[in-house]
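Each chain, letter by letter, is given below.
Number of protein chains: 2
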Amino acid sequence: MNAPTLLLVQLTTILIAARLCGFVLRRIGQPAVIGEMAAGLLLGPIVFGAWLPDLHALVFATSSLPALSGLGTVGVALFMFLVGLELRAPDGTRAQVRSAVLVGGLGIAVPLLFGLAVSPYLHPRYAPDGVPFWPFALFVAAAMSVTAFPVLARILRDRGLTRSVPGRLALSAAVIDDGCVWILLAFVLALSRGGSADGVLVTVLGAAALVAVVFVLLKPLYARLLRPRIGHGELPAAAFAWILIGCVACAAFAEWIGLHAVFGAFLFGIAQPRDDRLLDALTTRIEPVAVLFLMPVVFALAGQHTTLGAFVGAGLGAAALVLAVAIVGKIAGCATGARLSGHGWRDSLAVGSLMNARGLMELIVIKIGYEAGLIGPELFTMLFVMTLLTTFMASPLVSVFHRRGAALPDGRETHS
Amino acid sequence: MNAPTLLLVQLTTILIAARLCGFVLRRIGQPAVIGEMAAGLLLGPIVFGAWLPDLHALVFATSSLPALSGLGTVGVALFMFLVGLELRAPDGTRAQVRSAVLVGGLGIAVPLLFGLAVSPYLHPRYAPDGVPFWPFALFVAAAMSVTAFPVLARILRDRGLTRSVPGRLALSAAVIDDGCVWILLAFVLALSRGGSADGVLVTVLGAAALVAVVFVLLKPLYARLLRPRIGHGELPAAAFAWILIGCVACAAFAEWIGLHAVFGAFLFGIAQPRDDRLLDALTTRIEPVAVLFLMPVVFALAGQHTTLGAFVGAGLGAAALVLAVAIVGKIAGCATGARLSGHGWRDSLAVGSLMNARGLMELIVIKIGYEAGLIGPELFTMLFVMTLLTTFMASPLVSVFHRRGAALPDGRETHS
Chain A
1 MNAPTLLLVQ
11 LTTILIAARL
21 CGFVLRRIGQ
31 PAVIGEMAAG
41 LLLGPIVFGA
51 WLPDLHALVF
61 ATSSLPALSG
71 LGTVGVALFM
81 FLVGLELRAP
91 DGTRAQVRSA
101 VLVGGLGIAV
111 PLLFGLAVSP
121 YLHPRYAPDG
131 VPFWPFALFV
141 AAAMSVTAFP
151 VLARILRDRG
161 LTRSVPGRLA
171 LSAAVIDDGC
181 VWILLAFVLA
191 LSRGGSADGV
201 LVTVLGAAAL
211 VAVVFVLLKP
221 LYARLLRPRI
231 GHGELPAAAF
241 AWILIGCVAC
251 AAFAEWIGLH
261 AVFGAFLFGI
271 AQPRDDRLLD
281 ALTTRIEPVA
291 VLFLMPVVFA
301 LAGQHTTLGA
311 FVGAGLGAAA
321 LVLAVAIVGK
331 IAGCATGARL
341 SGHGWRDSLA
351 VGSLMNARGL
361 MELIVIKIGY
371 EAGLIGPELF
381 TMLFVMTLLT
391 TFMASPLVSV
401 FHRRGAALPD
411 GRETHS
Chain B
1 MNAPTLLLVQ
11 LTTILIAARL
21 CGFVLRRIGQ
31 PAVIGEMAAG
41 LLLGPIVFGA
51 WLPDLHALVF
61 ATSSLPALSG
71 LGTVGVALFM
81 FLVGLELRAP
91 DGTRAQVRSA
101 VLVGGLGIAV
111 PLLFGLAVSP
121 YLHPRYAPDG
131 VPFWPFALFV
141 AAAMSVTAFP
151 VLARILRDRG
161 LTRSVPGRLA
171 LSAAVIDDGC
181 VWILLAFVLA
191 LSRGGSADGV
201 LVTVLGAAAL
211 VAVVFVLLKP
221 LYARLLRPRI
231 GHGELPAAAF
241 AWILIGCVAC
251 AAFAEWIGLH
261 AVFGAFLFGI
271 AQPRDDRLLD
281 ALTTRIEPVA
291 VLFLMPVVFA
301 LAGQHTTLGA
311 FVGAGLGAAA
321 LVLAVAIVGK
331 IAGCATGARL
341 SGHGWRDSLA
351 VGSLMNARGL
361 MELIVIKIGY
371 EAGLIGPELF
381 TMLFVMTLLT
391 TFMASPLVSV
401 FHRRGAALPD
411 GRETHS
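Residue numbers (the numbering used here), protein chains in the order written: chain A, 1 to 416; chain B, 1 to 416.
If you are wondering where the hints come from, they were derived from the structure by calculation, not from laboratory data.
A hint or two may mislead.
Stated by the list, open to error - Partial list, computed: chain A residues near chain B (C-beta under 8 Å):
no., residue
1, Leu11
2, Ala223
3, Arg227
4, Pro228
5, Glu255
6, Trp256
7, Thr284
8, Leu292
By construction, the Cβ of each residue, glycine as well, lies at the ideal position given by its N, Cα and C atoms.
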């Protein structure tokens, strides 16, 4: 098979697997995206590779992956641009914002500490050769703290809970979490730059330059470009093309200074005018291809890095530890935050269960860590499985807490 | 620079060049797509490579092109899917259809014969080693016969001529032309399959199987899938994903049997239900990314194959010959067809000038020929330049003929 044939066969395989798994998950009342992520794992060496090794070696031949990775790079940059674009500061009353800060803060701090606490055990066993303790430990801690805003929003929408008390609180807190985790991750990447002080300096100064250029230069520039051109829900082709240019240029710069492309695209998304018509126009144009076509490619590429070795011997214990730390840390942290800000236990636990969903955001984070050489294939696989399970359990857990809560006084306002 | 950085730098460069050239062309009243195509040529070795050889070698390093080519493969497949989707049988009165068939038929036959006539001169000079005469000559003939339906439609829309007599006639005739050229090209590719009889057989039987599967199996299947789901201008994510799957699967199969991916995507597009709401829903979702993001990548990749050698010494004469044959053959053929079907000379020449625009369709055709090894870089470059010039001259030529024509009786209906 020549290169284009192989690429198209890969895409066909990936899209069909994503669609079938998505369909199964929808059937059992879960967001399709969990199935799409699971499809990535299934297409990796653990299932497809073990079941049909020759076919797997042919379809996902290592030499053919650059073309697929190119599509993944573009997909994840466009996706993170949309995430940045949709990011809104938590709004509401002063009490609501205070709750969100408490939930988001403890929802980061507790899993972070839990992650640091288990790192002395994980580092000697799972850190790639030559990776020092602190970059590894901080990365593991950051990976434990992720909350998937997009999947969270999807689960809430599917269940009609977007405007419920735990729904609103979780959404606001997730924004805070996402912001903090990405800052932490940028810091970890800077710290891990080959261990050289020069590398760290380049990344730190580069990151400062990126933030300055995006918010001081590009933000007003694009506001002037876009404001007069949005209004009838239309967006001229040239304006749209300049958005794409800004997105890939910022992604290129971020990647070049040793951060990851996603940071540039994400920041550029945040810098766009907060205008719902613009958001709508851009989402309509970018989301179908980026999310339905390119994100399954990202999941499948992530799946190729997984290894059955993660669950052999002591691996099973480590995987269980990672899972337990992630779940307990996140739910306990968030629920405590919600309880401290005056919510009932059931609403608090519902918020914790929602924030526990790692979703595709976690996959992006762990792929960055893997590509930066901070974690090896075993830990990558454990975190991949942790991502699937925490996202999967969010919906049933919310049902448990929220259904019961709804009958109690503190749950009265939870349906709208 | 690592692979993702380089890819993102390439994309930034390509998109900025396309946008700037598109802007310049818009300013002088031409479709932006001509500028985007010209940007591809400028980014190749003739301009960018000659001006800044080190930077060109860095940004478009040969080893980095697989990722970019992957994006190009996807872009061109999605684009040709949309072209197939938009294809409508020529409608109108019996006389109008007869005119379209005459214009389309002669608009193919004359450039085809002209192309064959110059091939004995071009073959010994510009055919790659080992390419026999007939595949080469038929490919050159097919390349002369292309008409760019999408650019044509754009020019007519920009000038408000879509419903004018020459506009309607050219659009209908272009559909016939496009259909014939793609069939001819499929035939040439089958013929050229390594010269082995087995290869030809695989391609011919494969093409028959592709057509059968698309029209007997997939057409009713997708009609059943889509019909109940379109109506409010909405299209569920799952249905859209299945469209993408059909598109890449057909493209993969076409490429695998030795045709080119575009044939599968194009046929799959033709097989979709003729429903304007579906067309609208799919165009909205696919076109922005495919046309504004991925097609400039296709042009830039095409530009990398060009060579200044095409214009050195005898090359200049050959380039002029190719240009003259393409222009005279197309305009004379189409104008004769229009005249024979009873139109005035001015309208007939206006139709010929419109059909002479080769547009990005020609770039796709010559890239296919180049990748199949039917033509070398010199002839590829000449045909690239011919494409730019014929597309560029369409708009001014139409102004000349049509403005004068409008004052005459046979031009009375040409404004609406």
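**OP:** Report holds or violated for the interface hint on Leu11 (chain A), using the least CB-CB distance to chain B and a cut-off of 8 Å.
**Re:** With a minimum Cβ separation of about 5 Å from chain B (threshold 8 Å), the hint on Leu11 (chain A) holds.
Original post:
Can we keep the Pro228 (chain A) interface hint, with Cβ of chain B closer than 8 Å?
Top reply: Result: violated, 17 Å to nearest chain B Cβ.
**OP:** Mind checking the CB of Glu255 (chain A) against every CB in chain B and telling me if the closest is under 8 Å?
**Re:** holds, 4 Å
**OP:** Would you settle whether the hint for Arg227 (chain A) is holds or violated, based on the nearest Cβ-Cβ distance to chain B being less than 8 Å?
**Re:** Constraint on Arg227 (chain A) not satisfied, violated at 19 Å.
Subject >> Per-residue hint verdict: Thr284 (chain A), partner chain B, C-beta under 8 Å >> reply: Check passed: Cβ of Thr284 (chain A) comes within 6 Å of chain B, closer than 8 Å.
Original post:
Measuring from the C-beta of Trp256 (chain A) to each C-beta in chain B, is the shortest one below 8 Å?
Top reply: holds, 5 Å
Subject >> Residue hint Ala223 (chain A), partner chain B, criterion CB-CB below 8 Å >> reply: violated, 19 Å
Original post:
Against chain B, with CB atoms and a cut of 8 Å, does the hint on Leu292 (chain A) hold up?
Top reply: Nearest chain B Cβ about 5 Å off; hint holds.
Hints 2, 3, 4 from the earlier list are contradicted by this structure; the remaining hints agree with it.
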